[in-house]
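Engineer: The hints should help you fit chain B onto chain A, whose structure is shown.
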Amino acid sequence: MITKYIVSRLDGMGLMFLAVMAVVAVFVPLSNLLLPPTSAFHVPTYLMALIGKYLCYAILAVSLDLVWGYCGILSLGHGAFFALGGYAMGMYLMRQIGTRGVYANPILPDFMVFLNWKELPWFWYGFDMFPFALLMVFLAPGLLAFVFGWLAFRSRVTGVYLSIITQALTYALLLAFFRNDMGFGGNNGLTDFKDILGFNVQAQGTRATLFFLTALSLILAYLLSRWMVTTSFGKIIVAIRDAESRTRFLGFRVEHFKLLVFTVSAAMAGLAGALYVPQVGIINPSEFSPANSIEAVIWVAVGGRGTLVGAAVGAILVNFLKTVFTSGFLAPYWLFLLGAIFVIVTLAVPKGIIGTLNGYYERWRGEDGEARWHRKSADDTTAATSNETGAGAKIHG
Amino acid sequence: MLRNARLFAVLVLSLFMATLSLSVAARAADFAASLEKFAADDFTETAAAVDDIAISGSPNAQKVLEALGNARLFFDPQTKKVYIGETDNSYSDAATGAKVATPPAGLQTVRVNNRLRRNIDMAIGTLTLLSPDAGRRQQAADSIFKSRDAATLPALENALKAEKNAAIARTFTEARAAILLSQPDTPRADMLSAVSVLRGRADIGAIAALRSIPDKADADVKAAANDAVAAIESRLKLISYVQNVWYGLSLGSVLLLAAIGLAITFGVMGVINMAHGEMVMIGAYTTFVVQDLIRTRAPNLFDWSLPIALPLAFLVTGLIGVIIERGIIRFLYGRPLETLLATWGVSLILQQAVRTIFGPNNREVGAPSYMSGAFDFYGLAITWGRMWIIVFTLVVFLTLLAALKWTALGLHMRAVTQNRRMASSMGIRTPWVDALTFGLGSGLAGIAGVALSQIDNVSPNLGQSYIIDSFMVVVFGGVGNLWGTLVSAFALGIANKFLEPLAGAVLAKIFILVLLILFIQKRPRGLFALKGRAVEA
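Top to bottom, those sequences are chains A and B.
Residue numbers are given in this note's numbering: position 77 of the first sequence equals residue 77, and the series is strictly consecutive.
Quick note, this note's numbering runs 1000 ahead of the 1-based positions in the second sequence.
Check the hints yourself; a few may be wrong.
Said to hold, decoys possible - Derived coverage of chain A by chain B (criterion: at least 3 residues anywhere in the stretch with Cβ under 8 Å from a Cβ of chain B; other residues may be distant): (1) 167 to 180; (2) 296 to 302; (3) 338 to 347.
To be clear, the hints were calculated from the coordinates, so they are not data collected in a lab.
All residues carry an ideal CB built from backbone N, CA and C; glycine is no exception.
So that you can see chain A by itself, here it is in the shape it has in the complex:
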């Protein structure tokens, strides 16, 4: 029943993506734990950690696609939500270190002892409990997004203005978290984690479990997003993207819809950050840097925005390229390549990889009556979009 409901919400691409993710979620940890290192199918631990990192980025990308691809809100500050979730998890992990730190203080993390602090700041209270930390993983970015979005959408800050102030937001957070006085470890951030829920973070079993949870979270994030965009709610946010004023005049409270999407997306990004931190072993303020957030946007653009699957694929692909290019003799050329990706994708492949493939697929099935109908409606949407933006350009430029 539930399965049937879920499948009814998916398209072919989504089913394929879910199948692949399910296989990865099960196969990689099991092969890492059970197969001998000599086996051809054995996944070494470093590779598992690397793929786990990509999957965290993929969750971030899906969350970004939800707001950008479907609602037209280009957030240049999604890295901030990611980092906040990461910090919430990092604070839990710091409290778990206990007396095993360098200064062996049972309450205070090492950096606070080093700064000669006498007691725990109030905002660190409760982070010794996992359920509380887990709540904060969603709540901290969610609340920030809610307040920020409430202010921004209510006063109808849209388009590039919104992008610029989201960038200012993450920049302000970057500067703030760099300060030692903030109580988040300053420049060095939070690191040297020992345990998560009593299991050693470095242990192979813990890593495999974390990997599995990350893959599972990606699947769930995809399903949630897919559900959101395929319901009538989803139709409305797409309508907001394509013709905000028209939607408003039809009687929808545009800012409420935007606020909900933005907040859900931020919480999802927070989850991605929380899964990222124990696998990477460190969280520091550089995660807030505006460049990171823009890079996340390009993952979505490469994969194809408004496709969800594309966002995940784009994140994995671009980060794979980054790994290849930033190690070894190719390192000086990574920024050239990344810059070129930005330019080429926006100029030549505006629909992204998955979007373009979808287009070919539809054309291939062109004789099918239903497919033709689909394409027609899709064309109508694009026509409406170009009309809207065209009119905007006319008046503005």
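Structural biologist: Relative to the frame of chain A, chain B by itself:
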């Protein structure tokens, strides 16, 4: 008027020279006589000789005293003549300073003990009070002012009588007042006049001196001193406010320089150029290249490096801007978010290109003579570099306004901004105008780079540190309004500098950013939004 002044100066100078040469002749005899006391090899005699030499005013005096302090002063027991051992192991005659080819055999060192060393140090201090170099006299007076050493009082009074330079004489008087104030046995009238002298000086040092009044001084002297301290403190507070405003103007001018090109591309064209910061960076590197060429080819042209770099930077960055517009941005009109991403990509490429060509480290850009140094303006220390940058910024701003208003390109630009289709119908080649507008915006960024190379590190990351600030300035001021950009840049600069002492530099910046984010919620179109049909975009 001017000629009279010059004549007067010449007269004074020649008179001064005449007295100087007369006194020199008289002093030479004393000097030789006191030198002989060194040959007695007796500490008391040596001490007397040191004191005599200190007030002799001989040009050789300092050298002799320094040699004595370093145990390099020798005497010949037979002839009673005194020699100075130079650092290069040659010898010179202490009386005349002339080199001695072969020093007599059996030279002995003039011995000193700790008490003598103190005397020597003090004597050297006194000597510099009489030094012919005005800078050194000023320095000596300043150091006495700080130390308030009563032992220097006689020498100071001596020097005060001889001093011709009014500014230095004032410092001498102030130093004397500071010493008098710190002595318990100074008469009351002297104390009061010293307080009023120090009150006129009005700086931190004067406050310290006024606080050094001994406890047993008269009540009214203390009251006068307290009064003077309060007056000086309120004056210093005022100066610090003015100083903050000045720093704010300086920061504001930097922001304005960086943002002004953006105000053109973003404000007038509605194009988000994330590579704007890189244009600033390339402008700074152009300056570096120009200076590098001048250093190796024509070092005497160094002061001209900035005027030469300015048009070059404008051309280089303007050209890059036109290429970007023709190659990328023109395909993206009406899709501002895509423009943002594409130009971000361009900025990464430009950054990495500069890093590949010039290396990742900071490059040294020198300051021409007129950009370095500082001057004092009613107690305000103003550096020439900062001042010229403010002036330069205003000149650029006004030139730009004039260009938009009175040139054909400016007219076309405004026409295209207001109504693209109508402008096109009237025969304006809008694509051409777009390219030139973008080139102009980029060129302005390049010019900003030349100025910023004087106050910031020239590295591939230079641009990144300005891009967010620049956007904030443009958005805060109101898009499409150059005057708004001007007001917003200076307002942000001054606000930042007033918050800094309260909260620290980083917190002040965070605070400003948060305020801006909130402000944009309130007025999404900035301080001075364009009114009318243009707003509905």
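Engineer: Which of the stated hints cannot be reconciled with the structure, identified by number in ascending sequence?
Structural biologist: Checked against the structure, no hint fails, so every one of them is satisfied.
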